[in-house]
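In the order they appear, the protein sequences are chains U and Z. Quick note: the first sequence, position 123, residue 580 per our numbering, numbers continuous. Quick note: the second sequence, position 64, residue 69 per our numbering, numbers continuous.
Simulated from the structure, these hints should not be mistaken for laboratory data. From the three backbone atoms N, C-alpha and C, an ideal C-beta is built for every residue, glycine too. One or more of the hints may lead you astray.
[Claimed, not checked] On the chain U side, residues computed to face chain Z include the following (Cβ under 10 Å): (1) PRO471; (2) GLY490; (3) VAL587.
[Unchecked claim] DEER-style ranges, computed between Cβ atoms: (4) U:MET570 with Z:THR25: 36 to 46 Å; (5) U:LEU469 with Z:ARG65: 48 to 58 Å; (6) Z:ARG65 with U:SER529: 38 to 48 Å; (7) Z:LEU15 with U:SER603: 19 to 29 Å; (8) U:PHE476 with Z:GLY33: 14 to 24 Å; (9) Z:TYR42 with U:GLN559: 15 to 25 Å; (10) U:GLY553 with Z:ILE12: 39 to 49 Å; (11) Z:ALA10 with U:GLN559: 53 to 63 Å; (12) U:ILE544 with Z:ASP40: 21 to 31 Å; (13) Z:PRO31 with U:LEU469: 49 to 59 Å; (14) U:GLY553 with Z:GLY33: 49 to 59 Å; (15) U:GLY543 with Z:THR78: 21 to 31 Å.
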Amino acid sequence: MSKIVRTITNLLTPFILMFGLYVIMHGHITPGGGFQGGAVFASGIALLIVAFNSAKVQEKLKERHLSVIESSGALMFIGLAFAGLGITFFYNFMVGSSIFGQIPPEGSNPGYMWTAGVIPLMNIAVGLKVIAGLSAIVLVMALASSNIRIDE
Amino acid sequence: MRKTATIISLVIVIVLFIVTAFLMHPFGQPPSDMDDYIIENAQSEAGANNVVSSVVFDYRGYDTLGEATILFTAVTAVVMLFRRRKEETIN
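So that you can see chain U by itself, here it is in the shape it has in the complex (with noise of 0.2 Å):
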């Protein structure tokens, strides 16, 4: 792409990735959560493919990397869902608790960033997930159609 195009991904790139995990970070007291921010984050990843070619992405961001980083969150996701078992699965066990256990004030108030128990972990698991699955289905797509050999 154009050195215009480069100059504005550059300066846009860091705050659509922030954005995208502060969405991530936030799932539960604004709306949002682990599957629009990972979305958000991925097409700032998209973005860089675009503006600078799909090798150069590569160099920073191999897909045998991403796909760890999925399957991990996917791990932690259904380890939390295991984890409430001693009552139901998919128990949120960490409400009361002294990790992200506070319960906020009945009705409208500011938002605590230390609530809701299992909620904000599983963002954070299905946030890993999505960011590194569609990263990678772009990636993939990309380096597909510029002939160049997917690293395994």
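Using the hints, position chain Z against chain U.
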């Protein structure tokens, strides 16, 4: 033999569908008790301000597990489609 089995199973399915249609929630009625329960208790039970998030990850977590599995399968399929083996690139 096969034809009668087909007809019998088809009739069973049709009857089940019709019975379900008559047992359904009447159209336009106020929401069920479950909705009100979640709206009233999500903040105190799940502790999350975002009620949608508490439904997705707490009350209906099993559904989210399915969504995550769908994403996993999609990624696996795309990588499998677009991957080229080493021997193929040499030739």
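Subject >> Status of the VAL587 of chain U interface restraint (C-beta, 10 Å, chain Z) >> reply: Hint on VAL587 of chain U: holds, closest Cβ of chain Z at ~7 Å, below 10 Å.
Original post:
Close enough to count: is the Cβ of PRO471 of chain U nearer than 10 Å to one in chain Z?
Top reply: 25 Å, violated
Subject >> GLY33 of chain Z and GLY553 of chain U - C-beta distance against the hinted 49 to 59 Å >> reply: 40 Å, violated
**OP:** Using the beta carbons of GLY543 of chain U and THR78 of chain Z, state whether their distance is inside 21 to 31 Å or not.
**Re:** Given range 21 to 31 Å: holds, Cβ gap about 30 Å.
Original post:
Range hint 36 to 46 Å: satisfied by the CB atoms of MET570 of chain U and THR25 of chain Z?
Top reply: 44 Å, holds
**OP:** State, for the Cβ atoms of LEU469 of chain U and ARG65 of chain Z, whether the hinted interval 48 to 58 Å holds or is violated.
**Re:** Check failed, 36 Å falls outside 48 to 58 Å.
Original post:
Holds or violated: GLY490 of chain U as interface residue toward chain Z, Cβ cutoff 10 Å?
Top reply: 5 Å, holds
**OP:** Note whether the CB distance of LEU15 of chain Z and SER603 of chain U lies within 19 to 29 Å or breaks it.
**Re:** Because 51 Å falls outside the window, the suggested range is violated.
Original post:
Has the hinted range 38 to 48 Å been met by the Cβ atoms of ARG65 of chain Z and SER529 of chain U?
Top reply: 24 Å, violated
Original post:
Do TYR42 of chain Z and GLN559 of chain U keep their Cβ atoms within the hinted range of 15 to 25 Å?
Top reply: 22 Å, holds
**OP:** Could you tell me whether the CB distance from PRO31 of chain Z to LEU469 of chain U stays inside 49 to 59 Å?
**Re:** 51 Å, holds
Original post:
Does the Cβ pair PHE476 of chain U, GLY33 of chain Z satisfy 14 to 24 Å?
Top reply: 40 Å, violated
In this structure, the hints that do not hold are numbers 1, 5, 6, 7, 8, 10 and 14, in rising order.
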